[in-house]
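Protein chains in written order, with our numbering: chain A, -7 to 87; chain B, 623 to 820.
It is worth saying that the hints were derived from the structure and are not from the lab.
Do not take every clue at face value.
One-sided and incomplete, this derived list gives chain A residues near chain B with beta-carbon spacing under 7 Å [stated by the list, open to error]:
no.	residue
1	Ala6
2	Gly8
3	Leu10
4	Ala29
5	Leu32
6	Ala38
7	Gln44
8	Arg46
9	Arg52
For each label pair, taking beta carbons as the anchor points, the in silico distance ranges come out as [unchecked claim]:
no.	chain 1	residue 1	chain 2	residue 2	range
10	B	Gly639	A	Gln44	32 to 42 Å
11	B	Arg687	A	Gly36	41 to 51 Å
12	A	Ala26	B	Asp713	56 to 66 Å
13	A	Pro13	B	Glu764	16 to 26 Å
14	B	Glu810	A	Thr72	21 to 31 Å
15	B	Asp713	A	Asp3	50 to 60 Å
16	B	Arg637	A	Pro(-2)	44 to 54 Å
With a Cα cut of at most 16 Å, we get these calculated EDC-like pairs of lysine to aspartate or glutamate [unchecked claim]:
no.	chain 1	residue 1	chain 2	residue 2
17	B	Lys809	B	Asp759
18	B	Lys700	B	Glu819
19	B	Lys809	A	Glu43
20	B	Lys700	B	Glu818
21	B	Lys809	A	Asp40
Just so we're clear, the structure is a prediction, and the values are computed from it rather than from any experiment.
Backbone N, C-alpha and C define an ideal beta-carbon position, used for all residues, glycine too.
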Amino acid sequence: MRRCPPATLLDRYAAGALPGPDADLVESHLVGCAACADRLERLGMAQDLLEQLRDAESARAELGSDLAALSSLQQWFTTTLSSVAGRGGPWMEHE
Amino acid sequence: MVTTVTSPSLLEELRAGGNQEAWQEFFQRYAPMLLAIARGVGLRSSDVDDAVQETLVAVLRLFRRLDQPFDRTRRRFKAWLRGVVLHKVRDVQRRALRAQRLAEGMATCIDPHAEAERAQAVFELEWQRNRLQRALDEVAREVDPATFQEFELYALQGQNVDNVADLFETSRNAIYIAKCRILCRLKETVARLEQEEG
Ligand SMILES: [Zn+2]
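Next up, chain A with everything else stripped away, as it sits in the complex (with noise of 0.2 Å):
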């Protein structure tokens, strides 16, 4: 694709509502075209998505200062896992 693309048509790419070969194409040309891939970006597609991401990223950051906390919960859910399946036969047989 030497021209660039219509308006449309890299919205429809922005949006991932092209279909691959299109997809492609569009692309091929935004490698080279500096003005479109700025076009593309200025679109702010999917803001709310990022806002979320980054949110669940920095809750994840948060959560991740105490990684001990998570270590030692596994420690004593493998340590149940493993006297339960010790006991024999189907999963808790007796409660």
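Following the hints, complete the assembly by docking chain B with the ligand onto the known chain A.
Frame of chain A; chain B with the ligand shown alone:
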């Protein structure tokens, strides 16, 4: 961590009795979320472990009694897990409160209705976060590592695009394209997980 079991089959496998690997997978997938919920509702750190452990034990027990698969079209697993964890959190909260009253000889009042609503909101938030993180992890495993790092630095951490481009010896265009591709993939993955999670 490599996910070997997809969500519906994991739940089915656990319902059928489950082996150690399936339960470990369940732990990987949900324990961090349970921990975040117990903290999010404001349990003290000494009570957080109790709440999470009691929840996990209840899940182990209750799965055995399920005689039907979760109805995915009606989000049954999510509602079920929410019921179990919020119930356990409330138990631990009440116990802690009783102990505190005894120790301090004072009456501490909580509004149970407001507490329940807050707990539901915490669950919802952490459930969404968990789904997004799992989607992001999945996409990270699927795409080229450099592309994913570019996305992390530029789109998630908000670093300057030209700096990121320099760092990876590529163009701004490539960074923009990487961001766009990964976001599309994420959207698809989130939608699929939503479908699967039941
Ligand atoms: Zn162009």
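The hints, checked one at a time:
1. Ala6: With a minimum Cβ separation of about 6 Å from chain B (threshold 7 Å), the hint on alanine 6 of chain A holds.
2. Gly8: holds (3 Å)
3. Leu10: With a minimum Cβ separation of about 10 Å from chain B (threshold 7 Å), the hint on leucine 10 of chain A is violated.
4. Ala29: holds (4 Å)
5. Leu32: holds (6 Å)
6. Ala38: Where the cut-off is 7 Å and the nearest Cβ of chain B is about 5 Å from alanine 38 of chain A, the hint holds.
7. Gln44: With Cβ-Cβ at 6 Å, under 7 Å, it holds.
8. Arg46: For arginine 46 of chain A, the interface hint holds, since the closest Cβ of chain B sits about 6 Å away, which is under 7 Å.
9. Arg52: With Cβ-Cβ at 6 Å, under 7 Å, it holds.
10. B:Gly639 <-> A:Gln44: 32 to 42 Å: holds (36 Å)
11. B:Arg687 <-> A:Gly36: 41 to 51 Å: For arginine 687 of chain B and glycine 36 of chain A the Cβ distance comes to about 49 Å; the hint holds.
12. A:Ala26 <-> B:Asp713: 56 to 66 Å: holds (60 Å)
13. A:Pro13 <-> B:Glu764: 16 to 26 Å: Check passed, 21 Å falls within 16 to 26 Å.
14. B:Glu810 <-> A:Thr72: 21 to 31 Å: violated (36 Å)
15. B:Asp713 <-> A:Asp3: 50 to 60 Å: holds (51 Å)
16. B:Arg637 <-> A:Pro(-2): 44 to 54 Å: holds (51 Å)
17. B:Lys809 <-> B:Asp759: Between lysine 809 of chain B and aspartate 759 of chain B the Cα gap is close to 13 Å, so the pair holds against 16 Å.
18. B:Lys700 <-> B:Glu819: holds (7 Å)
19. B:Lys809 <-> A:Glu43: Given pair lysine 809 of chain B, glutamate 43 of chain A holds - Cα atoms ~13 Å apart, limit 16 Å.
20. B:Lys700 <-> B:Glu818: Holds: lysine 700 of chain B and glutamate 818 of chain B sit about 11 Å apart, inside 16 Å.
21. B:Lys809 <-> A:Asp40: At roughly 11 Å apart (the allowed maximum being 16 Å), aspartate 40 of chain A and lysine 809 of chain B satisfy the hint.
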